[in-house]
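Here the structure of chain A is known, so what remains is to put chain B in place on it, guided by the hints.
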Amino acid sequence: MNLLDPQGPVAAANSTILVDSVFIMLVIVVPTIFAILGFAFWFRASNPKARYQPDFVYSGRVEMVVWAIPALTVILLGGVAWIGSHQLDPAAPVRGTGSPVRIQAVSLDWKWLFIYPDQRIATVNTLTVPAGAELNFQLTSSGVMNTFFIPQLGSMIYTMNGMVTKLNLRADNEGKLQGLSAHFSGDGFPDMMFDVNVVSPLAFPEWVATTAKTDAVLNEDSYKKLMQQGVEKGRPIYRLEDPRLFDLIATQHIPPGPGPELLSDAGRPHSGGHDAR
Amino acid sequence: MLGKLDWSAIPFDQPIPLVAGAVVLVAILGVLTWVVVKGHLPYLWSEWITSVDHKRIGVMYILLASVMLLRGGSDAIMMRIQQAVAYQSQGYLPPEHYNQIFSAHGTIMIFFVAMPFVIGLMNLIVPLQLGVRDVAFPTLNSVGFWLTATGALLVNLSLVIGEFARTGWLAFPPLSELSYSPGVGVDYYAWSLQISGVGTLVAGINLVTTVLKLRTRGMNYLRMPMFCWTTLASNLLIVAAFPILTATLAMLLLDRYLGFHFFTNEAGGNVMMFMNLIWAWGHPEVYILVLPAFGIFSEVVSTFSGKALFGYRSMVLATMAICVISFMVWLHHFFTMGAGPDVNAIFGIASMIIAVPTGVKIYNWLFTMYGGRIRFATPMLWAVGFMVTFIIGGLTGVLLAVPPADFMLHNSMFLVAHFHNVIIGGVLFGAFAGFEYWFPKAFGFRLDERWGKLAFWFTFLGFFITFIPLYIAGMLGMTRRMQHYDVAAWRPWMIVAAIGMAVLTIGVICQIMQLVVSIRNREALRDRTGDPWDGRSLEWATSSPPPVFNFAFNPDVRGEDAYWDMKIHAQQQSLERDRPEYQDIEMPRNSPTGFVCAFFATVMGFALIWHIWWMVILGGLGAFATFVVFAWRDHDEYVIPAEEVAAIDRINLEERRSLVSMAGTV
Chain A
1 MNLLDPQGPV
11 AAANSTILVD
21 SVFIMLVIVV
31 PTIFAILGFA
41 FWFRASNPKA
51 RYQPDFVYSG
61 RVEMVVWAIP
71 ALTVILLGGV
81 AWIGSHQLDP
91 AAPVRGTGSP
101 VRIQAVSLDW
111 KWLFIYPDQR
121 IATVNTLTVP
131 AGAELNFQLT
141 SSGVMNTFFI
151 PQLGSMIYTM
161 NGMVTKLNLR
171 ADNEGKLQGL
181 SAHFSGDGFP
191 DMMFDVNVVS
201 PLAFPEWVAT
211 TAKTDAVLNE
221 DSYKKLMQQG
231 VEKGRPIYRL
241 EDPRLFDLIA
251 TQHIPPGPGP
261 ELLSDAGRPH
271 SGGHDAR
Chain B
1 MLGKLDWSAI
11 PFDQPIPLVA
21 GAVVLVAILG
31 VLTWVVVKGH
41 LPYLWSEWIT
51 SVDHKRIGVM
61 YILLASVMLL
71 RGGSDAIMMR
81 IQQAVAYQSQ
91 GYLPPEHYNQ
101 IFSAHGTIMI
111 FFVAMPFVIG
121 LMNLIVPLQL
131 GVRDVAFPTL
141 NSVGFWLTAT
151 GALLVNLSLV
161 IGEFARTGWL
171 AFPPLSELSY
181 SPGVGVDYYA
191 WSLQISGVGT
201 LVAGINLVTT
211 VLKLRTRGMN
221 YLRMPMFCWT
231 TLASNLLIVA
241 AFPILTATLA
251 MLLLDRYLGF
261 HFFTNEAGGN
271 VMMFMNLIWA
281 WGHPEVYILV
291 LPAFGIFSEV
301 VSTFSGKALF
311 GYRSMVLATM
321 AICVISFMVW
331 LHHFFTMGAG
341 PDVNAIFGIA
351 SMIIAVPTGV
361 KIYNWLFTMY
371 GGRIRFATPM
381 LWAVGFMVTF
391 IIGGLTGVLL
401 AVPPADFMLH
411 NSMFLVAHFH
421 NVIIGGVLFG
431 AFAGFEYWFP
441 KAFGFRLDER
451 WGKLAFWFTF
461 LGFFITFIPL
471 YIAGMLGMTR
481 RMQHYDVAAW
491 RPWMIVAAIG
501 MAVLTIGVIC
511 QIMQLVVSIR
521 NREALRDRTG
531 DPWDGRSLEW
541 ATSSPPPVFN
551 FAFNPDVRGE
561 DAYWDMKIHA
571 QQQSLERDRP
581 EYQDIEMPRN
591 SPTGFVCAFF
601 ATVMGFALIW
611 HIWWMVILGG
621 LGAFATFVVF
631 AWRDHDEYVI
641 PAEEVAAIDR
651 INLEERRSLV
661 SMAGTV
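For the protein sequence lines, the chains are A and B, in the order given. Counting in my numbering, the first sequence tops out at residue 277, every number present. Counting in my numbering, the second sequence tops out at residue 666, every number present.
No lab work stands behind these hints: they were computed from the structure. Where a beta carbon is used, it is the ideal one built from N, C-alpha and C, also for glycine. It is possible that some hints are incorrect.
What the hints assert, rightly or not - Derived, one-sided and incomplete: chain B residues facing chain A with beta-carbon distance under 8 angstroms: (1) A27; (2) P174; (3) V271; (4) G306; (5) A308; (6) A355; (7) V360; (8) N364; (9) F367; (10) V402; (11) H410; (12) I472; (13) L476; (14) Q583.
The shape of chain A in the complex, shown without the other chains (with noise of 0.2 angstroms):
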């Protein structure tokens, strides 16, 4: 998951501006501190060489120099601020080859759900993505926040109930990767890392077909039984039964989650499903 190590043309930008932002900053930090430290020991008291200069407070062409230093840094790093906000928004279109694939992402308590419209299968904790495609993600969530995030795969995005955000990915490498919820939601957390499997454009097709077989129907009922408190370690698959699923949970034509079952009217419920732990 090393953010360093990028598999796709999203994070492989982010990260060179990462790295940029930081080397043009070095070059003055770097500096600075040697200067403190080389200050310090120089002007100590038990040194005999040090001259000392008691009046020495005000310099009007230091002062323009400390001004000017921090100011053209940020002059030049607004600038990378400002081109990559608008060449990286989340939302900004990303060249692939083939058709680009739809994922209508829904973060549940807790655990993902990925929706295919288009192919009209669904999964649960587990991404299967073509490489090289323009991978165009809408995301909800069915009733906390959280964060959807691919870490070598690029930009991270929130999910909000009764909201729709977009992000657009691309993978470029087959193989596995790890996803994560970069936002705290609740006791199950820390369990809705996913899968995401990067598979050749040609085996994609196969995998969706293999998929489509599959007995488990995705609707509004087995739906809402999904979003019931608790952690997934399995990897269900789905076959979808209406397309326009997404649309209703995000319009909150099915209403939010219902949150944990308040066992105990004391202070403490216990927490939601019993596998949290």
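Here is chain B on its own, set in the frame of chain A:
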């Protein structure tokens, strides 16, 4: 009768909080018994609990902060151990317990350690530096302190009665709404902060008024010590920002108690509004904390370099620039919420702009050292340690202000390392520097240097051993608040961080040892001159500890570094005048208003948390009645006769005559 409260609120099944609670309870009872048996209670009551003396209140603030630092630190140790062991296992803390610990850690460290520490130092020192006898509103000051203590008490009560919030220290909805957090945890959180927030607000109003309206003759704005400037800036921010927090939490409480829908998923509530509001307070808050620390470092660097502060006017400008810009950057806390590129870029650049005045401050301290004659007493070690540490925190902070970099690092362990870098390396180092620097002023004896230096080195090294691994874990994709994890690459860094935590703990133990050793050797460490560090500002012009009226005569100020000036020219009126004409001094009377008010606030807060409505009414009426009784008081001041002032001041004068003649020869 007792609302939601019954025996199930006591966590009999969880040994850790129960044992911790029992230990604390035994300790408190032990201290109370000792106080009563030894007959110290009347002294404590009349000299401390009801005191409206800004110095006493300052000391009590710092004491509260120190005790809570131990509580917050224990939480930190538990978290570091949990993350070191919870690889492919559940560790030793179940999620519902771990989640309370990190929420309590953040809440305590910000609201009940950092805030009272800096407010305590400002209370203790600012009136002395301004050359005045007290703050603008002495009784209100006492109320502010005791309400902060109420908040701290309620947070600790949650350890054994009920639970604390399991939502993180900012309690984001919808997780903190009734449907997802039905327990009393969020209520403990919100009511503690509401009550202590009132305390902070009145402290802010008090200090702003003090700096603006109470300055001694000749102390115009551009002669004020830098600490007074940063106090002004910080308290202006308190007055502007804390009402936002109060309003935001009030809305959350309305959602939870009366079924409103400000931030719920249903009925048009909007969580994004909460994010904006809480950070519109939250970002100024970090500057509320760090600006006073900047002031402390300015005093320390200048005193121990034997030079006036370099670029004083530039420093004032930088301070006020930070004060204003800090209100325009809050959105950088949620670049990943899906705002457009224009919004993200503008707030990213605004955030970077704050780095300019901050960088200028670093350079001005650097050039204050240049040409100085630097003595490395403990406060100066903290100051140099701060400069090095804080620059690194500044670098990572500006990095996080670049939106595309933040898209990778938001909410990660990198972020955790960054804000600890600036809060420990900035605020806590500053608080420790101020503590070491002004302790002799408050108590009349110095702190042991050897233990002080050990404390510095262990804390300094411990900080890096703990937080550099967290930076690296963040670069490896690790997010914050993980109760357990399965990623092998993160494990070694969590273990190193736990070792760093052990080193930090040794630092804290050294700090405690320093206090113990210094109190035992206090006669040897006694400071009779009132000016142990060869200081430059007016707090050193009076005895240590200062008399209740601070100055027998309000000093006349003729330039920056007022006391240094007086020493050089040996022309301080009160020193040079052969037969000073002492006059009666009027001082505010002590008042139990603050304590009684806070008692009723505690009752009311507890009752609100547990829905015990009759008790809410009782507490509310009690607090109001206390205020009414105070408002209708007949006598609010007492007179210290001129003879008594003279007697106290003559001792002080004798002690320092020799010192002044020595300084005059420099």
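Status of the hints after comparison with the structure:
For A27/B, the interface hint is violated, the least distance from its beta-carbon to any beta-carbon of chain A being 25 angstroms, above 8 angstroms. The interface hint given for P174/B holds, since its Cβ lies 5 angstroms from the closest Cβ of chain A, which is under the 8 angstroms cut-off. Interface hint at V271/B: satisfied, since its Cβ lies 6 angstroms from the closest Cβ of chain A, which is below the 8 angstroms cut-off. Nearest Cβ of chain A to the Cβ of G306/B: about 6 angstroms, under the 8 angstroms cut. The hint holds.
A cut of 8 angstroms between beta carbons decides the hint on A308/B: the least distance to chain A is about 5 angstroms, and the hint holds. The closest approach between the C-beta of A355/B and any C-beta of chain A is roughly 6 angstroms, which is under the 8 angstroms cut-off, so the hint is satisfied. The closest approach between the C-beta of V360/B and any C-beta of chain A is roughly 5 angstroms, which is under the 8 angstroms cut-off, so the hint is satisfied. The beta carbon of N364/B comes within 7 angstroms of a beta carbon in chain A, closer than 8 angstroms, and the hint placing it at the interface holds.
A least Cβ separation of about 6 angstroms between F367/B and chain A falls short of the 8 angstroms threshold, and the interface hint therefore holds. A distance limit of 8 angstroms between C-beta atoms decides the matter here; for V402/B the minimum to chain A is near 5 angstroms, and the interface restraint holds. Of the supplied interface hints, the one on H410/B holds, with its beta-carbon coming within about 6 angstroms of a beta-carbon of chain A, less than 8 angstroms. Contact between I472/B and chain A, as hinted, is not supported at the beta carbon level, the nearest pair being about 10 angstroms apart and thus beyond 8 angstroms.
Checking L476/B against chain A: minimum C-beta separation of about 6 angstroms stays under 8 angstroms; hint holds. With a least beta-carbon distance of about 37 angstroms to chain A, the hint placing Q583/B at the interface is violated under the 8 angstroms criterion.
Checked against the numbered hints above, the structure breaks hints 1, 12 and 14 and satisfies the rest.
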